[in-house]
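> Listed below are the residues making up each chain.
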Amino acid sequence: MAESYPQRQGLYDPSNEHDACGVAFVADVAGRRSHDVVRRGLDALCRLDHRGARGAEPNTGDGAGIVLQIPDEFLRAVVDFELPPVGRYATGLVFLPTNGADEARATTVLEKYAIAEGARLLGWRDVPVDPSGLGASALRARPRIRQVFLAAYDDTGEDLGGLDLERVAFCVRKQVERETRERGVPAYFPSLSCRTICYKGMLTPDQLVSFFPDLSDPRLDSAIALVHSRFSTNTFPSWPLAHPYRYLAHNGEINTIRGNRNWMAAREALIESELIPGDLQRLYPICTQDGSDSANFDEVLELLHLAGRSLPHAVLMMIPEAWENDPAMDADRRAFYRFHACLMEPWDGPASVAFTDGTVVGAVLDRNGLRPGRWWQTDDGLVVLASEAGVLDIDPGRVVAKGRLAPGRMFLVDTVAGRIVGDDEIKAELAAQHPYDDWLHAGMMSLTTLPEREHVVYTHDSVLRRQQTFGYTEEELKILIGPMATGGAEPVGSMGTDTPISPLSMRPRLLYDYFHQLFAQVTNPPLDAIREELVTSLGITIGPEGNLLAPGPASCRQIVLPFPVIDNDELAKILHIDDDGDKPGFKAVRVSGLYPLRDGAAGLKRRITEICRHVSEAIEDGVRILVLSDRDSTVDLAPVPSLLLTAAVHQHLVREKTRTQVALVVESGDCREVHHVAVLLGYGAAAVNPYLAFESIEDMLGVDASLVRRYVKALGKGVLKIMSKMGISTVSSYCGAQVFEAIGLDSRLVDRYFAGTTSRIGGIGLAEIHAEVMARHARAYPANAAELVHRRLDPGGEYQWRREGELHLFNPETVFLLQHATRSRQSSVFAKYTSTVDELTERGGSLRGLFTLRTADRAPVPLEEVEAASEIVKRFSTGAMSYGSISAEAHETLAIAMNRLGGRSNTGEGGEDPDRLYDPARRSAVKQVASGRFGVTAEYLVNADDIQIKMAQGAKPGEGGQLPGNKVWPWIARVRHATPGVGLISPPPHHDIYSIEDLAQLIYDLKNVNPQARVHVKLVAEVGVGTVAAGVAKAKADVILISGHDGGTGASPLNSLKHAGAPWELGLAETQQTLLLNGLRDRVTVQVDGQLKTGRDVIVAALLGAEEFGFATAPLIVAGCVMMRVCHLDTCPVGIATQNPVLRQRFTGKPEFVENFFLFLAEEVRGYLAALGFRSLDEAIGHAELLDVRPALDHWKARGLDLTPLLHVPSTDGARRRLREQDHRLHLALDTALIEAAAPALADGTPVMILTEVRNEHRALGAMLGGQVTRRFGGKGLPDDTIDITLRGSGGQSFGAFVPSGVTLRLYGDANDYVGKGLSGGRLIVRPDEAAPFAAEENIIAGNTILYGATSGELFCRGRVGERFGVRNSGAVAVVEGVGDHGCEYMTGGTVVVLGPTGRNFAAGMSGGVAFVWHLDPTLVNLELVDLEGVGPSDRVALRDLIERHFLETGSPVAAGLLRRWPAAATEFTAVVPRDYKRALAAIRAAEASGSDVDMAVMVAANA
Amino acid sequence: MPDPKGFLEHERRVVERRPVPVRLLDYREVYPPAPEALVRQQASRCMDCGVPFCHEGCPLGNRIPDWNDLVRTGAWPAAIEALHATNNFPEFTGRLCPAPCEAACVLSIAGGEPVTIKQVEVEIINRVPSLVPRPAPSRSGRTVAVVGSGPAGLAAAQQLARAGHQVTVYERDDALGGLLRYGIPDFKLEKHHIDRRLAQLSAEGVAFVTGVHIGVDRSAADLRTAHDAVVLACGALAGRDTPNTPGRGLGGVHFAMDHLVGANRAVALGAPDTAPIHAAGKHVVIIGGGDTAADCLGVAHRQGAASVTQLDRYPLPPPARNEDSDPWPTWPWILRNYPAHEEGGTREFAVAVQSFVDSGTGHVSAVRLVDVTVVRQDDERVVSVVPGTEREIPADLVLLAIGFDGTDAVPALRQLGVVANRHGTVDCGPDWQTSADGVFVAGDMHRGASLIVWAIAEGRAAAASVHAYLGGSGSLPAPVTPKAVPLAVP
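Quick mapping for you: the protein sequence lines, in order, are chains E and F.
So in the numbering used here, spot 372 of the first sequence is number 352, and the numbers just go up one at a time.
Take the position in the second sequence, starting the count at 1, then add 189; the result is the number in the numbering used here.
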């Protein structure tokens, strides 16, 4: 089989692949086999085509496939040898090397293992294939495909069948795949089974059928067809990576895969199963190296299943629902989950998994429910489940039920039993299999029940000495530790970071600082750990694990830790747990992590080796809890950095396969920040005891247990947030998951102690780590005590500039020079500014400081021949800062300057005042669309030149934002469609982007509304951003913005500011290289931002591949910002980051200053272009070969860095910059026909009625039409019902998105996700087809995330809908007959009426508007922000009116029933009213009544 | 976390000075101690900037936001630790420094009112009951001579003594402190502050020798031989003269320093009226517009002058910062009103003395003035007379406070083979070492007459270099380099 991935090169690493997809199955409930089921499966697959993707070549798909029951009759007909009865032979396709000799070698291996495992080879079949129409890449990678047939005897000589035969086939397959891979002649089995068969390949959905003629053969029959269409972020999919795998098709991504792989590897030592004969060793590794997350998942699922569990049981072990915080859960079911949590950590990440063993076929959603899944059942026993509704054309009269997959719930069809098995039934049965609760009672111990031990208080001198040893700074005490202990939360900072990354810092840095947090963007969503806390868990159990495959009462002999951070007293309890000798199964030992300083790095290394040996011996001696400690250092003995110690021991034990026999607890003196705890957990610690931080708190603030408790809470909350950023819900799966990128660590160090971690530019090794330890140690044991008189700790200077502290690029001098230069318009002063900044970058301020320009390579050109500065400034833009986060004065200053220059300013995520929308001088050309969707209306979008989707921001990738109530002044509230004085929250994820195909959908939506605007996608640099960018390019973005980790003007938790994301140099270079390798570079513009300050920065960025450049901090400074870094407090003393009218008077900025800045900058760029021999920036873009790495690095730490991977230019002949347009395929939208039909209305408002059919492929229906209406008639749209459209069928995603007033869409059928997204005044009605036989109110009518960001308009849904109905609705009115989890989340306005059940977590984060729910179950409401009330008299009138409208529009019997019983029925409703909203409304009413200033009254109320 | 709204809630307020009529009756400090509530409230105006320009504005690098916050919370012991971390003598700087930090305070942008940093500083040290000596735990066995006991010399001495070296400070005067002792009137700095600090230095092992004028009483070369290193901190006391002005030789025309030193010495003796140059009943004319002139002004009023007129060659400065020429956070050219100015006297700007008029007895009776304009041309100041503006004002006592021309320690330098530069100051390498091996320089003697904070900063930095020169282990803090200059318009 040909290798289709490009080799690892430059910054491109194929292991960064991500994928997502569409998944479906069709089954005959009664198990009746037919070719029709196969055909329908394939049809559904084709209807999911838009969820898959294609690469640079439109005829190369990312992968498609199908799993069927063994088509016995067909196979007998096509093979020329005898087959045993069905079920007694195993068969499957084999992907073999194309080279004949290699193929023969692979086949020999297969024959060998068949014999070894007691199987007999029945024969081979050449599978007919038709490669015509395949793309070049797919053809290049195409394997030879044959089909093999095996049988096996049992002891009596009878042919084995069923699971017994499956186990033999499994043993054969595992060994063949491993050995052929090792021999370089890889054989891959899409399946090898007596129950199912898989056809798949690097194909588009329609190619699957044409490529495998088998699939069209009418003899090929099955009762089950499971299909999958893949969207890979890269265009390097390979044939084996197509789904389905043997048991499953997966839509999603396992975020914790590194940890899961490691844990599985560690478990291998203890794995035994009576069911699988022989030593399992021969089948290892269970998880194939380099397998994708889905492939590994499938392998573990297979093992659990073949070892005796049913497929649903195995699936639930790996993807448990959120049981931890659900008080309503049945006790037995909870015990089932609690017990299994002791066996295995969840495989965490967004997942919709469809699975089959040939008998049952089912699907499950992960606990967050972040993937769609819809099913129908027909009256003739057909069940269809798919990522979307409407993938098969079925007569609506025959559909008897419609449902959806719900978070954590399983949907199962048993074709033998001939029925659908409900989630409750499956789980109740599993929970009853064993007395799990009894086992838990006997086995599990809680920390609180362990005996108390003495609390030790340390002297000030002792604390001080150790603070010095571990490099504590005054700043950390003042800014981090103190506030966390008193406030119980990690502090917030602003204005990004401008200090050196650790390997460039001259100062000794903690090892933690070399690790950068990874975060979810695009291919998977971050979680909302605050508003959706119920799905998260900080709890973990520690203690030895047993045999995964033979669980029993002993498996849960573990200690429960509710929190991953433990205080000193709790640690003492654990350490002394077996003091009385009564708990030998928990023997604990403290391992001293100190090393002799005088032996240097060699001593450090020796000591780590010694510790590893020592812990191995301890485990042999029965120790089951290891406490790795750095206590008790002396003048001679220094602490091994806790992280190094933890990772080294963890990885040693994983390699030794003893890891699961012990718990690792870390007693750490150097750990004190949220980030530190996260890294320790991420590299294997089960719990962390930051003892010195506790002792520092007692020393600084007094011995008070509540201070320590608050500090622990702050750490826990912070860790939860870091996990959520990566989309991980539970600490147990975060533990060991290694979701970090190392920047500045030597690869040998990483391979030895942090294997599996990416470290792309080399860096420090043990020698430098030792030097850093020594430098800190020297402060604790100084040679000259005078140094420390009055200066006990280092001042720090990471967060705030200090003379003796860390280097900052913006310091008093550079801020002053920049302001003075631009205000006095002196280019000489500007030159002084840039030379000062450039000098600071050379000293380590940034990676780009290490580059030099190779001006000698090309002949310079005269300056006057270089394009004018006025051209260059058009490539500049200012950063996304919302009106609201900054003042009108500041916002407009930037906009005016950029408009005058022809550059672009950015609205940020706060919308734009209509007054500015139409003012060419003051408008912002770039309109941002962020997760809060504030002010994102059709009018806003059609007035954009660029629309920017913010996937992440540099200051806090993976986190949401917040505008506190006291900043929501009336003028801000108006623009954001919110209530004055009521806080506004942007959720961490875009609730309509949980995957790459969702992003493609949003791009498509926006493009429909405004086809003229470029759509940007803003990403933040981290390892793998290049592959994400490739995916984004395939999702048809016009511009990709790569932000550095350092940028960002917004407020952010300090750990995010400092430790999340990577420098843009890395992200940009990786993006450029990956896009070039993919052949995608020519169709997207690449933009970069993040602390760009000088002309040199711009030219380096251009050479690395950027065409456009964003600036935020620098222009703000020009406008008067002095880097106070208090933007979040509304006290900006220079009138920028504030709405306070008094402070705004202090604003001194002028547009001219900003213009001066950009013109000076452009002049500098011209100078560099001339020196490099270019006449324009276009010529320079992507010429990374003109950068060189500074020859002699005069830096004690940076010497080990190797930046050459950044300078790699892949050898392709493709363009290095954008040369052509994306093909958005807008002409295929149904809207083009609608627009034509609506011509009279668009011309002069003449009413029109339109009637048409609709399919799920018709996405964003109404958006383009609505955009036209808005463009012509403005924000107010047209009179009601001017364009009245009736549709029949299944509406595609984003039905009715951004539809303005005057457009009414009436859909008879059902709809998918995102109905009414951004609804801007239009009316949407969704009701079942008249022929539908079912009761609408009990069935699903539309999908998830409906009315997301709607600002006005109406929606009537007759039937139930999915998760997050009305999320971030800020003005629309809706009636619906039942909603899923998280209904009305983050709502800030509008009215929602629910005439049916709600899911859990209703009204989470709801700060405005009102919801009326019929028969509300109050336990399902998140009461943090809302009150529950009866419906008052005036509201009753409005409510009745809405229900009446609902009846009139949809004919709902539920509405009719209520109206019949009105007003009695009114008492059955509960009003869900946000408290702040109520208070603000009351203040407004009171002020109006008394005639006082309404604005002031509201703000007074907000500040109260 | 500091109070983010402090500056919005509280206006700038410093403690009320003692009433003019009362304070003119004595030489005690014009500022009474400030009440704790006021100081803590004022400290709460500090915003704890991400980029604290005050901290850069201070040559010492005082960690102003840190101790402001500690004062805000009443953590006085921690505050003095933070203050002493960068500043050996906050009781001096808190009284004498013109506070470039306040000019650089973010709150002073656009004419705002900066935090009362200087008041907070002095109140921190005012609340220290006793200065605990911090003697070196071990001795290096090396000896250092420090010549001059002004702030630079004392700072160097304290740093070196704490680092374990045997330090001897030589002072030519009869009492220690340099300009602090007799150059600065008690109403700005009462002398017990110096004595208290000296006691700490003595307890830390610093030896003091007064009344020995190195270069005169004892050869500087000899001193160098007797010590492992020498730090010259002799100040810049060569008063600038105006020898070509007719009548300069008349009686009653004195250097300002002669007036001040005599007066302060008399105050020190408890007999202010015995000052050798006394202004009682006289029309006093002070030439010059700086600190020294203001000191003379205050002394003259206390001595009972009939009138005091202060003459300045430069025009009346603007009351507030000119953003074009002196943008924030640079040290602005503005009209500075010292406490002495509110005690009386008149100020004339843009005038020059043409001659001192002889009373006929060889004593001055009047000063002949003319209006002038000063323009900068090619980095030189060119003074031109405005014709027809000549006039006379009565003068019985004329005090020249027109600056200093570098060091007067000429003999010592000669003995060491060190040549002063054209400004009369002594150059040094990046390690503060002069052209003579082992001879270091710090303070005004190096920088020319400057602020006390520069003197202490240089003393600390030079000590760090001396320590390294002596092979000391570790490093002492060095807040400035010899070439460091304040942030200014390039």
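Mixed in with the good hints there might be a few duds.
[As the list claims (entries may be wrong)] To be clear about the criterion: a stretch of chain E counts as covered by chain F if any three or more of its residues have a C-beta under 8 Å from a C-beta of chain F, and this derived list gives those stretches: (1) 669 to 679; (2) 802 to 812; (3) 893 to 905; (4) 1017 to 1027.
[As the list claims (entries may be wrong)] In silico negatives: residues of chain F with every beta carbon more than 10 Å from chain E: (5) 237; (6) 244; (7) 270; (8) 639.
Hint data in this document are derived by calculation from the structure and do not stem from the laboratory.
Cβ coordinates follow ideal geometry from the N, Cα and C atoms, glycine included.
> The structure should be examined with respect to each hint, and the outcome stated for every one.
Consistency of the hints with the structure:
1. 669 to 679: Answer violated; 0 residues pass the 8 Å Cβ test.
2. 802 to 812: holds (count 5)
3. 893 to 905: The restraint on the stretch 893 to 905 of chain E is violated, since only 0 of its residues have a Cβ under 8 Å from chain F and three are required.
4. 1017 to 1027: violated (count 0)
5. 237: Incorrect as stated: the minimum Cβ-Cβ distance to chain E is 7 Å, not above 10 Å.
6. 244: Its Cβ does come within 10 Å of chain E, the nearest being 6 Å, so this is violated.
7. 270: violated, 5 Å
8. 639: Since the minimum Cβ distance to chain E is about 19 Å, residue 639 of chain F lies beyond 10 Å and the statement holds.
Consistency note: the structure conflicts with the earlier hints numbered 1, 3, 4, 5, 6, 7.
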